[in-house]
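Can you build the whole structure from these sequences, using the hints too?
Protein chains in written order, with my numbering: chain F, 1 to 304; chain H, 1 to 340.
Among the clues, some could well be false.
Keeping only pairs whose Cα atoms sit at most 25 Å apart, straight-line, the calculated DMTMM-like set for lysine to aspartate or glutamate is [said to hold, decoys possible]: (1) H:238 <-> H:68; (2) H:114 <-> H:84; (3) H:114 <-> H:68; (4) F:285 <-> H:252; (5) H:33 <-> H:204; (6) F:285 <-> H:160; (7) H:114 <-> H:92; (8) H:57 <-> H:92; (9) F:285 <-> H:295.
Derived by calculation from the structure, the hints in this document are not laboratory data.
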Amino acid sequence: MSVALTLMIMLVFMIVGMLIAAVLDTFFYRWLAGRTGGSLLTPLYAAAAEVSRQRISTEAPDRMNWFLSISGFLTLGAIGLAVVPLGPQSVVIGLETSVVLWGACESLVVVLVFLHGWSPNSPLALIGAYRYVAIGLPIMLLSMFVLIAAALPAESLDLRAIVTSQEDLWNVIRQPLGLPLFILLGLSLTLRGPLDYADSADLAGGTSIEDSGANRAGWQVARLSMLIGFSAVAASAFLGGYLGPVLPGVVWLAFKTLTIMTVIIALSHLLARMPVARMLGLIWKVLLPIAFLDLLLAGLVALA
Amino acid sequence: MSWLAKMAGLAEVPVFVAFGEGAPADAASVLAKAPGLRVVETPRAAAILFVVGTVPKALLPQLHRLHDQLPHPRASALWHSRNELPGATRIEEIANISVLLRAIHRDLLVGSLKSEPDFLSDAPPNEWRGIGPHGQGGKGMMGGTPYGRPMAMTAADLRDGLDLDAYTADFGPFLPMLPAGLVLTLTLQGDTIQNVAVAHPPFETQEQRGWVLLNLLGLPALAERMLRATNIGNATVKRLIRLSGARAAIPEGLGRTHDGSDVRTRFDLLTGTSEPIFNLHVQQIGLDDLLIGLEWHEAMLVLNSFDNASLRAICANTSDPEPDTMAGGMDHGVHAGHMS
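Structure below.
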């Protein structure tokens, strides 16, 4: 498949994925809230209403970093999808170290969310930014452990090789602890539910409290972009990516990405968020040891 | 009409609610059930400022400042309110809320209703006066309230004595995570509360804030479901709350009072997941006893776990801190504060 065609498929995958994610999010919210009626296209209408409103600037903001945080977050989601093989010979960014590139994207999310809270020159936004950094650092460690464990059977840091190594057995079965832990990272990277410490209700919207108009719409689109990028990476690392019978590889990838995305959206509406100190205790004392155990078991299996 | 305006006209109307005195206790429930409306958590996301109840004269400057934070095109509406806001639509009947607000939103988008101008001039609340009560006030480039804007100043952290940036400012009276009317002067180190004073107590209301606790715990859909339910003990709501792990998410012993109750037990009561097993006893407890040392999220959970009468009593019990313990030194009459 040519690079241009692969790029086109990736863009379609991203745009359709974001639309489906927004509709799914609305569906889950309405179902849980007990609402009846109303259109599932509400998020599209809401986006149109947002861009129709004024983009307000605060007093003495950091305009460049405000723009950079939104556009950068959107780009990181796209890079996540770009390292994912859409088929045996089709990937936009084909690197032998694509897992390392994805790890760098994860870390940069922490930087960009911080900048999003820093830029408006507003105290509640800044509290959201600092809190996200506090949670983001241990969550990144957790991600590194489970991704290295997923790479061990392939003996490679190339996502293409990791997908190929799952021809006989998916990593979700070989390493059952890996995917649930990785999904927790997804909740944090996409600022959702129990791990949304940046844009939460106790801060009246946190880092996005001052966003209005196109900035507000842009930040929501960027979050959706990260949801698609993350879900596709998780589908490739743990569910065999494009592997599957009869149907084209990209259809299998889309189906598996949708499954991960649905789980993340459902969890974000169903699970409560604990205060940050309690969550930090849970991550350092419980989740990180479990992630290390996952890596240890994967290492022992690789040596056996 | 452009295709963008047509699509935007189909959107739910984003409404920021400012509660005043005498707001109906079921106002939040009425708004949750109103079709086509979406209550938002910041005025930056709103098209309509909806004032429910009467904002007292002392807090009118904050209401005007709040109004000016809404992006254009914007409008305002009043319900059960004796306030006068230029250009605002007065709503008399509950049944008309949704219809009127949707019509206003549509008219704003197509331009047949003019966006409301600012009430205040786009200028700092004070002149620059250099070092002094409205000037820099601190050391070097830190501290004080230049132009009436509070600035961070280094002060010892109460946990370990490290000199970190303490920030003192007023929060309220329209922040959605604070009980309506409550204005707190808080000194923060990061998100930890170092000092607290009550600048204005919450308005009297019969509102139950179980749904606010759910919202603070990251469960807005469940909060809305609770508001839409006819009784707080609704079996489906109770089951979903249990499944969410909300109770376990609240640290044990958080906000404990003399009667032995804490946020967890009060959460059970407010959400109808348990029967009352204690008589709330808040004599001799102030907000300084409850909030100092807590991080922001915990403090918001504590504040919303009390019924209105108890919280008003706690505010009355709160002792004013020594002026030099509030880093930055606030001047309540003039500074900008954070109402939302």
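Here is what the structure says about each hint:
1. The hinted pair formed by residue 238 of chain H and residue 68 of chain H fails the criterion: a straight-line CA distance of about 40 Å is larger than 25 Å.
2. Between residue 114 of chain H and residue 84 of chain H, the direct Cα distance comes to roughly 18 Å. Compliance with the 25 Å bound is thereby established for this hinted pair.
3. For the suggested pair residue 114 of chain H and residue 68 of chain H, the alpha carbons sit about 15 Å apart, so the restraint of at most 25 Å is met.
4. Annotation: proposed proximity of residue 285 of chain F to residue 252 of chain H holds, straight-line Cα distance about 18 Å (limit 25 Å).
5. For a cut-off of 25 Å, the pair hint linking residue 33 of chain H to residue 204 of chain H stands: about 24 Å separates their Cα positions.
6. Between residue 285 of chain F and residue 160 of chain H, the direct Cα distance comes to roughly 23 Å. Compliance with the 25 Å bound is thereby established for this hinted pair.
7. Under the criterion of a C-alpha separation no larger than 25 Å, the hint pairing residue 114 of chain H with residue 92 of chain H is consistent with the structure, at around 22 Å.
8. Pair hint residue 57 of chain H plus residue 92 of chain H holds up; C-alpha atoms about 22 Å apart against a cutoff of 25 Å.
9. The straight-line distance between the Cα atoms of residue 285 of chain F and residue 295 of chain H is roughly 20 Å, inside the 25 Å bound, and the hint therefore holds.
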